[in-house]
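Enquirer: Produce the entire structure from the sequences given, and follow the hints as far as they go.
There are 2 protein chains.
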Amino acid sequence: MKVLIVGASGTIGKLIVKELSPRHAIIEAGKHKGQYQVDITNEDSVRQLFTQVGKVDAIIAVAGNVHWGSLQEMSADQFKIGLNEKLMGQVNLTLIGQHFLNDGGSITLTSGSLSDDPHVGGASFTTVNASIDGFIRGAAVELDHDRRINSVSPNVLQESWDVYGGGVPGTEPVPGEKVALAYRKSVEGHQTGQTYRVW
Amino acid sequence: MKVLIVGASGTIGKLIVKELSPRHAIIEAGKHKGQYQVDITNEDSVRQLFTQVGKVDAIIAVAGNVHWGSLQEMSADQFKIGLNEKLMGQVNLTLIGQHFLNDGGSITLTSGSLSDDPHVGGASFTTVNASIDGFIRGAAVELDHDRRINSVSPNVLQESWDVYGGGVPGTEPVPGEKVALAYRKSVEGHQTGQTYRVW
Chain A
106 MKVLIVGASG TIGKLIVKEL SPRHAIIEAG KHKGQYQVDI TNEDSVRQLF
156 TQVGKVDAII AVAGNVHWGS LQEMSADQFK IGLNEKLMGQ VNLTLIGQHF
206 LNDGGSITLT SGSLSDDPHV GGASFTTVNA SIDGFIRGAA VELDHDRRIN
256 SVSPNVLQES WDVYGGGVPG TEPVPGEKVA LAYRKSVEGH QTGQTYRVW
Chain B
106 MKVLIVGASG TIGKLIVKEL SPRHAIIEAG KHKGQYQVDI TNEDSVRQLF
156 TQVGKVDAII AVAGNVHWGS LQEMSADQFK IGLNEKLMGQ VNLTLIGQHF
206 LNDGGSITLT SGSLSDDPHV GGASFTTVNA SIDGFIRGAA VELDHDRRIN
256 SVSPNVLQES WDVYGGGVPG TEPVPGEKVA LAYRKSVEGH QTGQTYRVW
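Keeping their order, the protein sequence lines are chains A and B.
Each residue of the first sequence is one higher than the one before, starting from 106 at the first, in the numbering used here.
Each residue of the second sequence is one higher than the one before, starting from 106 at the first, in the numbering used here.
Bear in mind the hints are in silico, worked out from the structure with no lab data behind them.
Values in this document were obtained by computation on a predicted structure and should not be read as measured data.
For every residue, glycine included, the Cβ atom is placed at its ideal position computed from N, Cα and C.
Careful: at least some of the hints might be erroneous.
Reference listing, derived: stretches of chain B covered by chain A, where coverage requires no fewer than 3 residues with Cβ under 8 Å from a Cβ of chain A [claimed, not checked]: (1) 185-194; (2) 238-246.
Residues of chain B clear of chain A, computed beta-carbon distances all greater than 12 Å [what the hints assert, rightly or not]: (3) Pro127; (4) Ile131; (5) Gly135; (6) Lys160; (7) Asp162; (8) Leu176; (9) Ser216; (10) Glu264; (11) Trp266; (12) Gly271; (13) Glu293; (14) Gly294; (15) Trp304.
Expert: The structure is reproduced here in structure tokens:
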């Protein structure tokens, strides 16, 4: 399959490339790295990406920032960062990418365990991750021609625990390889509207 | 208790007023109607509302538009309507309202059954409603001084079935009185981080 990975150079992205590349033709995209550069918050940039890449069998998105910080001090602008970047970035890839997705193809987005396991400082993450899991449920009933959409919801990876683990005390970091397997299930399987929780 | 209801003149809002007014001092607010006018998408307007109203024991939000339409044809701008109005409107009321909420007070937001029961045309609703249920889970672990936050997630009301029922075929409309009871549970109860599903 021809698989487009947006965010391919990140910690999770690299592991997905490793997991999928033995069996698929991978196209790597990213904000600054990879074969193609794309700003997923910009519809024109996303449209340009797909015009260059052409039709694909799978779209994987693992990109987008979210603001971490106290609810008491959070501003609307800080709250909107995650909506504009992680949510709308992945929604843009879906709304535009659906028209470049072959029959039977799949879209796999990335949410995260904070959706259901809230921690202090993470209110925007909880909101955004829940919205992405919601979006794939909503989109799944509308995609036709056997095209599918799922999300992968990881906890903090073992590989990133030193950086992010402090925010989710008492949770168990997950091996990156296990997270990458969830993307493989979405791409190579036949399920749709599912959130693969890796926590 | 002093209870601020934003969206008090709508179908659900009126039923909440009816349910709560025998026991509480109700302040009605709305975009165009009620004692106070507020544009919940505008932080300054929300701040002005609370400056005028002062401290309250409960904030109820039942307001905000969302775009209904085919995923195939949906634009990012259409998708953002619900994020800017229903989600950020209620988030603005929470981020600003938390500083005007008495100890032990509550915030009750409104999501909807499409979060978990997707229908064709409703991808943006599914996303926005799931995001609101996520937001209250995230915010609940951050509010202190016994302050609480919940969401009420209704299906289409019997009272609105003729208008909206066509979009959710095969579901059972709910009596408006039952929906109003869920807001009462949030205001008068002691739970937090809960989504009261009325479907």
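Enquirer: Next, verify each hint and record whether it holds.
Expert: Evaluation of the provided hints:
1. 185-194: Check passed, 4 qualifying residues.
2. 238-246: holds (count 8)
3. Pro127: holds (33 Å)
4. Ile131: holds (26 Å)
5. Gly135: The assertion about B:Gly135 holds, with a minimum of 20 Å to chain A.
6. Lys160: holds (16 Å)
7. Asp162: holds (19 Å)
8. Leu176: violated (4 Å)
9. Ser216: violated (10 Å)
10. Glu264: holds (25 Å)
11. Trp266: holds (21 Å)
12. Gly271: holds (16 Å)
13. Glu293: holds (24 Å)
14. Gly294: holds (20 Å)
15. Trp304: Correct as stated: the minimum Cβ-Cβ distance to chain A is 15 Å, above 12 Å.
Consistency with the previously given hints fails for numbers 8, 9, ordered from lowest to highest.
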